[in-house]
Amino acid sequence: MLRGFSRFNLASLALGLAFLYLPIVILVIYSFNDSKLVTVWGGWSLRWYRALLEDSAMLDAAWVSLRIALLSATAATILGTLAALALVRAGYFRGRLPFSAMIYAPLVLPEVIIGLSLLLLFVALNVDRGFWTTTLAHTTLTMCFVTVIVQSRLLSFDWSLEEAAMDLGCPPLRAFLAVTLPLILPAIVSGWMLAFTLSLDDFVIASFTTGPGATTLPIRIYSEVRLGVKPEINAICTIMIAVVALVVVIASLLAKRNAASRDQHALGAPM
Amino acid sequence: MAKDGAGAAGGMTDAAARPPLVRFEAVTKRFGGVAAVNNLSLDIGAGEFFGLLGPSGCGKSTLLRMLAGFETPDEGRILLDGRDIAAMPPHLRPVNMMFQSYALFPHLTVAGNVAFGLKQEHLSRPEIERRVAEMLALVQLHDLGGRKPHQLSGGQRQRVALARALVKRPKVFLLDEPLAALDKKLRAETQFELMALQEKLGLSFIVVTHDQEEAMTMADRIGVMSQGRLAQVGTAAEIYEQPATRWVAEFIGDVNLLEGTVSEAAGEAVTVTTSAGTLRATSPGAVAPGQSVAVAIRPEKFHISAEQPAGEAGNGLAGEVTDVGYLGDMSLYKVKLDTGIVVKAASVNVTRLLQRPIGWNQRVWLTFAPDAAVVLTS
Ligand SMILES: Nc1ncnc2c1ncn2[C@@H]1O[C@H](COP(=O)(O)OP(=O)(O)OP(=O)(O)O)[C@@H](O)[C@H]1O
Ligand SMILES: [Mg+2]
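In the order they appear, the protein sequences are chains A and B.
Oh and the first sequence: position 65 is 64 in numbering that gives the first Met the number 0, straight run, nothing missing.
Oh and the second sequence: position 246 is 245 in numbering that gives the first Met the number 0, straight run, nothing missing.
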């Protein structure tokens with residue numbers, strides 16, 4: 000009997016989960032620790048969350064990260080969706096293969112290389128590194144993830160829907176906005192959310208492309224930790240975990256709904 | 000325009016004299032060098048129910064899609080009401096299409112789907128509501144307006160697709176295999192509904208189908224397509240009784256083709272020497288003695304009997320029954336003639352099975368009148 004909850008299965012599940020989540024759980028618990036020492040439990044308290052509110056450097060960094068994430072995710076979503084549309088809709092064109100391969104490259108390229116190459120580019124162009132260069136870099140990185148998500152939705156899209164809209168009197172652009180866009184919107188939104196979280200936790204690329212005055216949250220945390228782990232760090236990390244978890248949950252719910260509506264649609268189309 | 004307009008003034012009463020509503024002029028469409036539609040010309044009149052019939056891949060959908068504007072012809076012109084519509088994008092054409100997959104908008108309700116096309120015309124809200132309600136009533140979906148397409152049955156979806164396109168009041172309504180997804184009974188009902196609708200609205204319908212019975216039931220005229228060309232255009236009776244070619248004869252219904260050469264030709268009455276014997280048949284076109292032709296006889300045109308016919312009035316073929324198929328209303332026989340050729344014959348079962356006199360290995364005589372057999376030259 001290998002199925003069901005045998006003792007062995009239960010144990011391996013528990014160990015696996017512990018391996019994955021124990022560090023995080025400890026971090027979250029210790030963010031509510033009253034003691035100043037990170038390793039000593041001193042009772043529950045929101046003290047470090049309050050301290051965080053007064054830590055303007057940390058708050059500034061969080062604000063920078065949030066703005067970068069919002070901007071780059073939005074730009075990446077627009078560009079990534081357009082790329083997906085071009086790849087799916089244009090059918091076969093000369094240079095399609097290299098084009099799609101190039102779009103996917105950032106998925107597999109080591110981040111260090113992307114970061115370094117962007118750094119070299121910005122230096123060569125003599126651009127001051129900071130907020131905008133990091134936003135641009137994150138757009139480059141996350142665009143391909145959006146493309147992958149939207150493209151997989153478009154591959155199963157019934158293009159006769161768009162033709163039907165045109166047949167009923169919609170000019171092409173309005174047909175896209177009235178029919179195609181609402182139907183692929185869940186995929187676009189989950190693409191945006193993925194881009195947002197990727198940008199929010201990125202450390203490697205930001206460390207290459209940012210400059211003074213635009214310290215992102217992960218960089219700030221890293222530099223603080225080098226001076227010793229303060230309980231405040233636990234608090235800010237807990238908040239970040241909460242934000243990312245929330246976004247991921249929403250995105251997966253959307254993806255599920257998207258898949259469900261696609262199934263319904265597949266049922267709707269005979270043969 | 001001028002050329003067609005000339006005929007319009009006099010003959011308004013005669014459908015044939017009116018300029019055609021749709022005219023395909025030597026239209027060719029190629030996909031990667033292969034012609035899906037090949038030098039095809041066709042006129043369709045106003046208010047006509049035209050059926051396009053043909054095997055899969057012969058270019059029926061491509062022809063419709065060119066009229067709807069989703070494909071552009073490589074050669075030739077398409078005229079609508081005498082005007083070349085080459086430059087007209089799909090959303091401006093007074094033509095609506097019902098898609099093979101129905102293509103209902105899954106994110107809109109039934110009423111939303113039907114209203115979609117009217118909203119593009121910027122009609123007032125009450126006007127849209129009135130016409131949607133009217134159309135839903137026409138297709139008997141008035142109480143389902145609030146449902147989403149996935150909550151409907153196949154037949155209901157088909158009617159939504161119908162309503163959505165018809166509410167636009169197109170000049171020409173294109174239906175690409177509208178009934179393919181329905182079961183046999185619903186299909187038969189819907190065929191008659193479609194015919195009633197067409198009569199009521201007076202629109203031109205062009206219906207694509209690969210079901211010959213469906214085409215013959217519904218259409219005023221049928222175009223039989225083969226490899227991008229029209230093999231024959233005519234009424235159901237013309238196509239069945241007087242097929243233009245061997246291919247059409249075999250595509251529509253069952254047929255026996257007996258190859259031979261013309262031995263005597265006097266007007267329509269032709270005598271053909273075939274391997275099954277000398278047969279007298281009818282030829283719609285002129286043939287000359289010595290020409291090689293085929294004599295086409297539908298199975299039900301044979302009179303099958305167990306006794307040798309007395310007179311020598313018609314054509315007679317003698318043979319032995321090798322196979323009997325009982326279909327309820329009809330029986331199909333395979334008869335191996337004395338000359339070795341196997342032909343198919345059918346007869347209506349006017350008597351009950353037990354009394355049926357013809358069985359396996361029985362010697363039978365097949366007779367048919369000369370005007371029941373057609374001579375085919377191509
Ligand atoms: N977009 C396209 N690209 C390439 N070839 C195509 C395209 N559309 C149709 N064809 C080809 O053109 C030919 C005719 O296709 P069409 O869809 O008109 O056939 P059909 O008569 O409607 O067949 P069916 O009864 O199966 O629907 C086929 O050989 C098909 O492969
Ligand atoms: Mg087709």
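Check before you lean on any hint, since a few could be wrong.
Think about it this way: if two alpha-carbon atoms lie no more than 25 Å apart in a straight line, the pair counts; the simulated SDA-like pairs of lysine to any residue are [stated by the list, open to error]:
1) B/147 x A/162
2) B/147 x A/241
3) B/147 x A/252
4) B/183 x B/99
5) B/118 x A/256
6) B/300 x B/283
7) A/255 x A/241
8) A/255 x B/147
9) B/147 x A/256
10) B/147 x A/184
11) B/118 x A/53
12) B/170 x A/170
Treat the hints as calculated values from the structure; they're not laboratory data.
- Item | Agreement of residue 147 of chain B and residue 241 of chain A with the hint, judged by alpha carbon distance not exceeding 25 Å | Not satisfied, since the Cα-Cα distance of roughly 36 Å exceeds 25 Å.
- Message: Check whether the Cα positions of residue 147 of chain B and residue 184 of chain A lie no farther apart than 25 Å.
- Response: Distance of about 18 Å is within 25 Å: holds.
- Message: Can you confirm whether the C-alpha distance between residue 118 of chain B and residue 256 of chain A stays at or below 25 Å?
- Response: violated, 28 Å
- Task: Take a quick look at whether residue 147 of chain B and residue 256 of chain A sit within 25 Å of each other, Cα to Cα.
- Result: holds, 15 Å
- Verify the proposed pairing of residue 255 of chain A with residue 241 of chain A, using a straight-line Cα cut of 25 Å. With Cα atoms ~21 Å apart, residue 255 of chain A and residue 241 of chain A stay inside 25 Å; holds.
- Message: Need the status of pair residue 118 of chain B, residue 53 of chain A: alpha-carbon distance at most 25 Å?
- Response: Violated - the C-alpha atoms of residue 53 of chain A and residue 118 of chain B are around 55 Å apart, more than 25 Å.
- Query: Under the criterion that the straight-line Cα-Cα distance not exceed 25 Å, is the pair residue 147 of chain B, residue 162 of chain A satisfied?
  - Reply: With Cα atoms ~20 Å apart, residue 147 of chain B and residue 162 of chain A stay inside 25 Å; holds.
- Given the hint that residue 183 of chain B pairs with residue 99 of chain B, test it: the Cα-Cα distance must not exceed 25 Å. Cα-Cα ~17 Å, so holds.
- Task: Could you grab the alpha-carbon distance between residue 170 of chain B and residue 170 of chain A and see if it respects the 25 Å cut-off?
- Result: At roughly 19 Å apart (the allowed maximum being 25 Å), residue 170 of chain A and residue 170 of chain B satisfy the hint.
- Task: Take a quick look at whether residue 300 of chain B and residue 283 of chain B sit within 25 Å of each other, Cα to Cα.
- Result: Cα-Cα ~18 Å, so holds.
- Distance restraint between residue 255 of chain A and residue 147 of chain B, which requires alpha-carbon spacing of 25 Å or less: holds, 19 Å
- Message: Check whether the Cα positions of residue 147 of chain B and residue 252 of chain A lie no farther apart than 25 Å.
- Response: Answer holds: residue 147 of chain B to residue 252 of chain A is near 21 Å, not above 25 Å.
Of the numbered hints given earlier, the model fails hints 2, 5, 11; all others are met.
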